[in-house]
Amino acid sequence: MYTLTSNEKLTYLRGRLQSAARRFNTELPKAMTDEIAKLESATLKMPAPKAEVLEAVANNALAGRDPFAGKDGELHKTTLLLHLSQSYLYDHLDKVKGERIRAVVFEHVPAILKAWAPKVAEAGQTLKRSAKALPGVDFNNRQTATIGMTPNKLIPWAEAVEAMDDLQEVVNAWQALGQVTGRPNPQVLALAPLTLEQRESLPRAPMPWRVALLEGVTLDLATSLDEYDRRAATIATAEAAARAEREKAEADAVGFGL
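Residue numbering for the sequence shown follows full-length UniProt numbering, starting at 1 and increasing by one per position.
The hints are simulated quantities; they were obtained by calculation from the structure and are not laboratory data.
For clarity, every value in this text was computed on a predicted model and none was experimentally measured.
All C-beta atoms, glycine included, are put in the ideal place defined by N, C-alpha and C.
Heads up, some of the hints might be wrong.
Unchecked claim - Across the chosen pairs, the derived CB separations fall in these ranges: (1) Asn140 to Ala253: 32 to 42 Å; (2) Leu4 to Glu250: 40 to 50 Å; (3) Thr43 to Asp220: 17 to 27 Å; (4) Ala240 to Pro135: 35 to 45 Å; (5) Pro203 to Leu89: 43 to 53 Å; (6) Leu4 to Asp34: 46 to 56 Å.
Stated by the list, open to error - Think about it this way: if two alpha-carbon atoms lie no more than 25 Å apart in a straight line, the pair counts; the simulated SDA-like pairs of lysine to any residue are: (7) Lys153 to Met164; (8) Lys132 to Met149; (9) Lys132 to Thr144; (10) Lys30 to Gly178; (11) Lys95 to Glu40.
Given only the sequences and the hints, what does the whole structure look like? Please build it.
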């Protein structure tokens, strides 16, 4: 199974950020896009060795001499070694480019997410309102949801679809952030801070509308990795406490049985 490289993951993230920005009719920070364009334009100009250099080296070798003998030998050696190392140099340039572009992107991620936060909150409110207007409608099946739907319900349904698409764009961006930073399935806690009970009531990777419709939950987009990590730490602490309580109960039960 193919694994994306770091630069491929970063490219995917940039694509998801751009896609969401278009969806919300916003622009990515100009300082970010300008700096990335500058970094991407950097290249290495490595001319091939001149014919006389190659011929001098070949003549020395054919005559049984050190290929790099003569007054220009060291220069010829340097020229050829530099030419032979082009692949390594290009690879290293790509690596450094990727590292610097990553730093530029992550410098601006909080501002990008903050610009989307009101859209996420609005989408959550729309879904709650639509769910009340459309009792029994399966939000998970768009193809059949409108079958038999009365005209007065088509407007809240259309609003719900729009809200679901808005949330999906943000979730796609957060999933890409998770890929780049090693945070698996971040989309749930990125949309809202949840209790352990609320998190466990959801599938592992639920559709975003399910998070929006949880009882007692108001969508509140995490606008930084630190904020997401705090939410994840809260869940992890609650999981550890619940696990310790279960283990104690099991130990007490065994002791009582003895």
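Could you tell me which of the numbered hints above are not met by this structure, giving the numbers in increasing order?
-> 3, 6
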